[in-house]
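The task is simple: from the sequences and hints, build the whole structure.
At position 139 of the sequence shown the residue is numbered 139 (our numbering), and the sequence of numbers has no breaks.
Since the hints were derived computationally from the structure, they do not count as laboratory data.
Just so you know, not all the hints are guaranteed correct.
[Said to hold, decoys possible] Derived pair list, reagent style DSSO-like, types lysine-lysine, alpha-carbon separation capped at 30 Å:
hint : residue 1 : residue 2
1    : K527      : K359
2    : K687      : K527
3    : K624      : K687
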Amino acid sequence: MLPSLPLLLALPFLMAVAVAAFPRSSRSTAAWLAALAPLGGLAILGWLTPAIMEGQVVRSLMPWLPQIGLDFALRLDGLAWMFAGMVLGIGALVVLYARYYLSSQDNAHRFYCYLLLFMGAMLGMVISGNLLLLMVFWEMTSISSFLLIGFWSHRKDAREGARMALVITGGGGLALLGGVLLIGRIVGSFDLDVVLAAGDQIRASALYPYALFLVLAGIFTKSAQFPFHFWLPHAMAAPTPVSAYLHSATMVKAGVFLLARLHPALAGTDLFFYTVSGIGALTLLIGAWNAIFQHDLKGLLAYSTISHLGLITLLFGLSTPMAVVAGVFHILNHATFKASLFMAAGIIDHETGTRDMRKLGGLRRLMPFTSALAIIASLAMAGIPLLNGFLSKEMLFAEALTAGGPGTMRTAVSIAALLAGVFGVAYSLRFVHDTFFGPGPHDLDRVPHEPPRWMKVPVEILVVICVAVGIAPALTVAPVLHAAAGSILGAAMPEYSLSVWHGFNLPLAMSAIGVVGGVALYFGLRKLINLHGVQNTATGRNVFHAQLDTVSALAMRLTNGIANGSLQRMLLGLVLVAITVAAAPYIANPASPNWTRPQSMPLLGWALWLVMMACAVATLRVYKQRLLAVLLVGGVGLMVSLTFVFLSAPDLALTQLLVEMVTLVLMLLGMNYLPAQSGPERPRWRKQRDAVIAIIAGAGLGALAYSAMTLPPNTMAGEMLARALPEAYGQNVVNVILVDFRGFDTFGEITVFGIAALVVHALLRRTRMAPEQIMPGPPIKLPVPADLAQIMFPLTLTVSIFLFLRGHNAPGGGFIAGLVLAVPLLIQYVIQGTASVESRFGFDYIRCIGMGLLIALLSGSASMLFGVPFLTSGHLDLHLPLIGEVPLASAIGFDIGVYLVVFGGAMLMLSMMGTVKPSRTRTARRGEIDLQRRSARTGEMH
Numbered sequence: 001m002l003p004s005l006p007l008l009l010a011l012p013f014l015m016a017v018a019v020a021a022f023p024r025s026s027r028s029t030a031a032w033l034a035a036l037a038p039l040g041g042l043a044i045l046g047w048l049t050p051a052i053m054e055g056q057v058v059r060s061l062m063p064w065l066p067q068i069g070l071d072f073a074l075r076l077d078g079l080a081w082m083f084a085g086m087v088l089g090i091g092a093l094v095v096l097y098a099r100y101y102l103s104s105q106d107n108a109h110r111f112y113c114y115l116l117l118f119m120g121a122m123l124g125m126v127i128s129g130n131l132l133l134l135m136v137f138w139e140m141t142s143i144s145s146f147l148l149i150g151f152w153s154h155r156k157d158a159r160e161g162a163r164m165a166l167v168i169t170g171g172g173g174l175a176l177l178g179g180v181l182l183i184g185r186i187v188g189s190f191d192l193d194v195v196l197a198a199g200d201q202i203r204a205s206a207l208y209p210y211a212l213f214l215v216l217a218g219i220f221t222k223s224a225q226f227p228f229h230f231w232l233p234h235a236m237a238a239p240t241p242v243s244a245y246l247h248s249a250t251m252v253k254a255g256v257f258l259l260a261r262l263h264p265a266l267a268g269t270d271l272f273f274y275t276v277s278g279i280g281a282l283t284l285l286i287g288a289w290n291a292i293f294q295h296d297l298k299g300l301l302a303y304s305t306i307s308h309l310g311l312i313t314l315l316f317g318l319s320t321p322m323a324v325v326a327g328v329f330h331i332l333n334h335a336t337f338k339a340s341l342f343m344a345a346g347i348i349d350h351e352t353g354t355r356d357m358r359k360l361g362g363l364r365r366l367m368p369f370t371s372a373l374a375i376i377a378s379l380a381m382a383g384i385p386l387l388n389g390f391l392s393k394e395m396l397f398a399e400a401l402t403a404g405g406p407g408t409m410r411t412a413v414s415i416a417a418l419l420a421g422v423f424g425v426a427y428s429l430r431f432v433h434d435t436f437f438g439p440g441p442h443d444l445d446r447v448p449h450e451p452p453r454w455m456k457v458p459v460e461i462l463v464v465i466c467v468a469v470g471i472a473p474a475l476t477v478a479p480v481l482h483a484a485a486g487s488i489l490g491a492a493m494p495e496y497s498l499s500v501w502h503g504f505n506l507p508l509a510m511s512a513i514g515v516v517g518g519v520a521l522y523f524g525l526r527k528l529i530n531l532h533g534v535q536n537t538a539t540g541r542n543v544f545h546a547q548l549d550t551v552s553a554l555a556m557r558l559t560n561g562i563a564n565g566s567l568q569r570m571l572l573g574l575v576l577v578a579i580t581v582a583a584a585p586y587i588a589n590p591a592s593p594n595w596t597r598p599q600s601m602p603l604l605g606w607a608l609w610l611v612m613m614a615c616a617v618a619t620l621r622v623y624k625q626r627l628l629a630v631l632l633v634g635g636v637g638l639m640v641s642l643t644f645v646f647l648s649a650p651d652l653a654l655t656q657l658l659v660e661m662v663t664l665v666l667m668l669l670g671m672n673y674l675p676a677q678s679g680p681e682r683p684r685w686r687k688q689r690d691a692v693i694a695i696i697a698g699a700g701l702g703a704l705a706y707s708a709m710t711l712p713p714n715t716m717a718g719e720m721l722a723r724a725l726p727e728a729y730g731q732n733v734v735n736v737i738l739v740d741f742r743g744f745d746t747f748g749e750i751t752v753f754g755i756a757a758l759v760v761h762a763l764l765r766r767t768r769m770a771p772e773q774i775m776p777g778p779p780i781k782l783p784v785p786a787d788l789a790q791i792m793f794p795l796t797l798t799v800s801i802f803l804f805l806r807g808h809n810a811p812g813g814g815f816i817a818g819l820v821l822a823v824p825l826l827i828q829y830v831i832q833g834t835a836s837v838e839s840r841f842g843f844d845y846i847r848c849i850g851m852g853l854l855i856a857l858l859s860g861s862a863s864m865l866f867g868v869p870f871l872t873s874g875h876l877d878l879h880l881p882l883i884g885e886v887p888l889a890s891a892i893g894f895d896i897g898v899y900l901v902v903f904g905g906a907m908l909m910l911s912m913m914g915t916v917k918p919s920r921t922r923t924a925r926r927g928e929i930d931l932q933r934r935s936a937r938t939g940e941m942h
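Below, the structure written as structure tokens:
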């Protein structure tokens with residue numbers, strides 16, 4: 001049973017890769033591939049359901065970073081099972097709905113990739129058994145939701161809504177991380193089982209208030225609670241399938257999920273009671289009141305979502321066992337009727353071309369079936385009897401009347417609940433009346449009609465659930481509710497009844513008052529004011545942008561003060577910071593180094609050292625002659641490489657030599673982008689200052705290097721030497737360190753290298769030469785060097801593969817092999833030109849980087865399937881005919897990823913720097929310069 005949880009989590013990510021791997025497949029194929037993830041996940045959940053219903057907790061544990069308490073621990077109890085079912089069930093319906101909603105101009109494959117990425121992040125969050133792992137997936141939901149909200153990136157409101165959601169929820173994520181770290185400090189573990197069992201210890205700690213407020217900040221920002229609620233209405237710029245998924249059942253429910261998840265550990269104090277219930281009540285009323293005056297269908301639903309999230313937060317804040325049950329129940333109810341309403345709003349927008357209720361009306365005649373579905377879901381949202389929303393609203397009224405605390409608190413909560421009931425009926429009535437009744441529609445650019453048959457199916461399924469739960473709750477939702485609430489409350493689980501009729505009582509009277517009051521409020525407002533003429537002010541948005549502008553202005557002033565475009569100033573700051581950080585420990589604890597007596601250096605070593613010094617000093621003398629200076633710097637690098645040879649470090653020598661070759665070409669290509677004339681000479685005092693700083697930095701670095709080289713052998717290096725062969729199955733310790741012992745660091749480094757290459761590509765792919773830089777005449781042909789370069793390539797490819805294959809046991813490896821392959825190809829670029837080389841080889845360097853990172857990640861993650869940490873090596877001895885025994889370590893897969901990233905990244909940067917194209921405009925190509933129109937940077941015409 002244990003492998004089922006990793007498979008459940010992996011399905012969305014695997015299907016996202018599958019969808020991305022077939023970008024030219026049909027939209028239906030992409031939808032089917034995307035649907036396999038939620039459907040397969042639901043099958044796994046169904047298999048695990050009997051165990052969950054018996055009260056068991058299904059667990060899966062794989063060590064990841066045990067030193068910091070981070071394990072890849074997955075945990076499925078009743079609450080996680082319920083949320084996983086919501087994520088997968090509504091996710092499957094959204095995949096089907098999006099197939100018919102997205103237009104032919106929308107990139108469906110990209111949409112499904114983003115959707116599956118978010119689905120996987122949500123699944124990971126709800127089934128995480130470790131708080132640090134939960135944080136990883138929490139941040140993934142923020143990033144993937146940013147991509148989904150901003151899917152229509154050509155629209156300003158989509159970009160703005162995505163940025164606002166990311167800033168607010170990302171800031172809350174930082175606060176939540178602080179709270180999680182404090183909880184881990186209090187408890188001594190990040191394991192969820194340990195944390196949930198340590199509620200008394202957490203509440204008794206002096207750090208409890210700080211941990212509580214940090215955790216609540218993350219919860220409130222994610223679930224759009226006051227005062228962070230304003231981002232949610234602006235997220236409605238996303239495609240409606242995104243709104244139906246993120247803003248009904250998943251993203252906005254992540255906060256209340258965490259509130260329910262940590263309820264046993266954090267609830268039970270007055271601080272929790274007043275803070276959570278107070279914020280929940282405020283959000284409940286603010287969202288409900290604002291929903292009445294919205295003109296956009298999705299805007300009304302967004303504010304109603306804010307209100308219902310406030311209702312759930314209020315119930316968890318009250319903290320009584322029945323309030324917790326009611327909170328869990330309303331999470332389910334709200335997900336069903338709100339997802340169906342968002343989809344119905346999307347259908348209306350899809351068929352009418354607008355979501356503005358001022359242009360709608362009378363749609364019941366033109367779209368009768370859709371109207372019936374939307375009206376039923378609206379009545380469920382309003383809490384009308386025989387629908388699911390009525391049951392959880394009754395529970396709210398009952399808990400408000402029996403709320404703890406002083407009598408004034410009970411009165412305040414009861415009034416807030418009653419007002420929310422009135423407002424809920426009012427905005428639900430406006431949604432129904434202004435859209436489906438009355439005159440209209442008008443000013444539309446098309447004739448509305450019913451949508452395609454399968455586009456309505458998701459709405460139909462959700463509406464049927466609303467009705468079924470409302471009529472027969474004990475037969476439909478009771479087992480789910482019992483399992484989910486029981487996993488929170490444990491032994492405190494109360495006895496309760498989900499009967500539709502409980503007799504005439506005060507909660508029923510409050511429901512009746514809410515319905516009558518809501519109808520009266522809506523029609524009263526229509527008589528008193530012109531609802532269609534109300535101008536909504538985006539106060540939250542304005543405050544957000546004002547604060548963002550203030551922060552941006554301060555950042556700009558700071559940046560201009562530090563980074564004013566002077567490379568010398570940036571290097572000066574970098575070196576000074578490095579000196580300070582390196583010297584701080586010695587200044588705090590002064591101690592004389594215990595250096596051993598140096599060994600005598602042979603004549604060859606002195607010769608290398610003298611040549612290196614001569615090249616370095618000569619560079620300072622001829623720095624104005626750029627080409628000569630670059631060649632002299634290359635000479636320094638060559639001497640460093642020979643020094644490694646002298647010190648018996650062939651791996652380092654080979655790496656340094658290849659890096660020097662590539663860097664030399666890179667610097668020569670970079671001269672294209674330098675001004676023709678150097679800047680004015682710097683004052684003498686600045687040269688003296690720089691010389692002093694350089695001497696201090698160089699002396700300090702030399703002292704550190706000497707200290708490291710004179711350490712006794714029984715250090716970490718000795719341990720690496722002893723463990724390399726028996727544990728990592730490799731004799732080349734340098735390569736073993738890179739792909740095994742410090743493989744996670746290497747993965748981060750190749751990721752950064754790949755990102756740097758993509759940044760260079762993004763910056764230079766549209767760069768054009770200024771007219772005055774264009775050399776007249778055709779390119780010079782060099783046939784003999786070109787032929788030699790072509791002959792060299794297969795030979796160098798063979799050497800590259802040889803170095804790669806031997807890298808685990810002898811000098812070589814993926815990094816060296818990638819550079820060896822890049823050098824001859826680079827020579828062909830220089831001699832024959834980009835067009836000639838790429839027409840013959842056709843390398844896609846960007847895809848090469850992506851494939852390399854993916855291979856490295858998958859090969860490193862494969863070990864986790866066997867219950868061992870990321871990148872743990874395995875070993876296999878193959879007996880091949882004629883060849884004999886071939887030892888293979890699993891790290892070769894990771895090294896293949898390094899090989900591809902290094903080759904692709906190096907070639908992408910070098911090819912982009914060497915292929916600056918002439919301007920596209922005719923006047924620029926003729927060399928005619930108009931200073932009023934030509935860009936001073938690129939030569940392009942304005």
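Those earlier numbered hints the structure runs against, lowest number first: Result: hint 2 breaks, nothing else.
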